[in-house]
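Residue numbers (full-length UniProt numbering), protein chains in the order written: chain L, 1 to 151; chain X, 1 to 151.
Hint data in this document are derived by calculation from the structure and do not stem from the laboratory.
Everything numeric in this text was worked out from a predicted model, so none of it was measured.
Heads up, a few of these hints could be off.
Unchecked claim - Facing chain X, according to a computed beta carbon distance under 10 Å, are these residues of chain L, among others:
| hint | residue |
| --- | --- |
| 1 | LEU6 |
| 2 | ASN8 |
| 3 | VAL17 |
| 4 | ARG86 |
| 5 | PHE137 |
Unchecked claim - Residues on chain L that point at chain X, a partial pick, calculated with CB under 10 Å:
| hint | residue |
| --- | --- |
| 6 | ILE41 |
| 7 | THR44 |
| 8 | SER56 |
| 9 | ASP90 |
Even for Gly, the Cβ is constructed at its ideal location relative to N, Cα and C.
Okay, here's what each chain looks like letter by letter:
Number of protein chains: 2
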Amino acid sequence: MNSGLLGNHFITQIGIVVNDIEKTSQAYADFFGVNKPDTIITDTVDIAQTEYRGNSSVARAKLAFFNMGSLQLELIEPDLHPSTWREYLDEHGEGPHHIAFVVEGMKEKITLLEGKQMQLLQKGEYTGGRYAYMDTFKELKVIVELLENDK
Amino acid sequence: MNSGLLGNHFITQIGIVVNDIEKTSQAYADFFGVNKPDTIITDTVDIAQTEYRGNSSVARAKLAFFNMGSLQLELIEPDLHPSTWREYLDEHGEGPHHIAFVVEGMKEKITLLEGKQMQLLQKGEYTGGRYAYMDTFKELKVIVELLENDK
Numbered sequence: 001m002n003s004g005l006l007g008n009h010f011i012t013q014i015g016i017v018v019n020d021i022e023k024t025s026q027a028y029a030d031f032f033g034v035n036k037p038d039t040i041i042t043d044t045v046d047i048a049q050t051e052y053r054g055n056s057s058v059a060r061a062k063l064a065f066f067n068m069g070s071l072q073l074e075l076i077e078p079d080l081h082p083s084t085w086r087e088y089l090d091e092h093g094e095g096p097h098h099i100a101f102v103v104e105g106m107k108e109k110i111t112l113l114e115g116k117q118m119q120l121l122q123k124g125e126y127t128g129g130r131y132a133y134m135d136t137f138k139e140l141k142v143i144v145e146l147l148e149n150d151k
Numbered sequence: 001m002n003s004g005l006l007g008n009h010f011i012t013q014i015g016i017v018v019n020d021i022e023k024t025s026q027a028y029a030d031f032f033g034v035n036k037p038d039t040i041i042t043d044t045v046d047i048a049q050t051e052y053r054g055n056s057s058v059a060r061a062k063l064a065f066f067n068m069g070s071l072q073l074e075l076i077e078p079d080l081h082p083s084t085w086r087e088y089l090d091e092h093g094e095g096p097h098h099i100a101f102v103v104e105g106m107k108e109k110i111t112l113l114e115g116k117q118m119q120l121l122q123k124g125e126y127t128g129g130r131y132a133y134m135d136t137f138k139e140l141k142v143i144v145e146l147l148e149n150d151k
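Please model the complete structure; the sequences and the hints are all you need to start from.
In structure tokens, the structure reads:
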């Protein structure tokens with residue numbers, strides 16, 4: 001298989017930005033007949049090392065995850081600090097924000113995409129891994145998130 | 001498993017509306033290292049029996065499909081006639097339009113959702129099955145498409 005820029009083309013997650021995660025999470029739970037998942041909150045900047053457009057950001061978000069087949073649906077309610085989530089919500093309103101892919105070699109993938117004029121929008125750490133949102137919107141009409149999980 | 005309103009919660013497809021399907025399809029092919037798929041066009045109204053907001057519509061769209069793991073990514077370039085695709089493109093710009101689920105008993109599912117104040121936006125026939133877009137945007141922040149395939 002020609003693996004393209006990411007090394008795979010398996011969408012692992014769709015992320016949707018929302019204004020009220022408790023309300024939308026309950027709506028999904030009701031619609032799909034599943035339990036409403038716990039809402040979590042991303043780590044503080046000292047742990048998450050969040051960077052948005054090259055600058056450290058204290059932005060955090062509330063998250064809820066639904067498993068929809070082989071795919072995870074993520075609801076995201078951002079706070080008011082600068083982030084790709086807040087920017088997208090302010091510019092586009094509520095709705096799908098990204099599709100995510102698991103990659104190996106995060107730094108190399110970011111460098112590769114930046115060489116194709118797809119800039120790093122935001123990155124950060126989470127327990128067990130790290131993420132990067134790439135500005136692929138012009139080419140792909142959606143933001144691509146890279147996820148790298150520790151072995 | 002409590003099956004919810006649809007009978008399942010396996011996302012089978014993400015649909016993205018675009019202005020130039022040839023350009024965006026080539027961008028996806030390059031990005032993911034796959035061949036650019038053929039672009040098809042939906043059937044004329046006499047075959048597709050397209051209805052948009054309760055009225056027959058001659059709207060058609062160019063479509064291209066990419067298989068991304070267990071999920072299909074659909075690119076949609078609508079014409080200028082009334083459709084949910086054109087409406088969404090005009091109101092939101094390019095980007096994700098729907099997530100799709102395979103159902104059994106299309107009429108019953110539509111009736112069930114309409115009873116929950118989620119209205120039928122558009123429906124039509126394709127070779128081997130039929131589709132319905134439901135206005136779930138208020139609740140789920142995305143349009144849900146129902147797909148029923150003939151056995």
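Going through the hints against the structure:
Residue-level restraint check for LEU6(L) holds (minimum Cβ-Cβ distance to chain X is 7 Å; threshold 10 Å). Satisfaction of the interface hint for ASN8(L) is found here, the shortest Cβ-Cβ separation to chain X being roughly 8 Å, below the 10 Å cut-off. This hint holds: VAL17(L) has a C-beta 8 Å from the nearest C-beta of chain X, less than the 10 Å allowed. Look at ARG86(L): its Cβ only gets to about 16 Å from chain X, farther than 10 Å, so that hint breaks.
Hint on PHE137(L) holds. Least Cβ distance to chain X is approximately 8 Å, under the 10 Å limit. Look at ILE41(L): its Cβ only gets to about 20 Å from chain X, farther than 10 Å, so that hint breaks. Because the beta carbon of THR44(L) sits about 27 Å from the nearest beta carbon in chain X, more than 10 Å, this interface hint is broken. Look at SER56(L): its Cβ only gets to about 29 Å from chain X, farther than 10 Å, so that hint breaks.
A least Cβ separation of about 14 Å between ASP90(L) and chain X goes past the 10 Å threshold, and the interface hint is therefore violated.
The structure fails hints 4, 6, 7, 8 and 9 (numbered hints given earlier, in ascending order).
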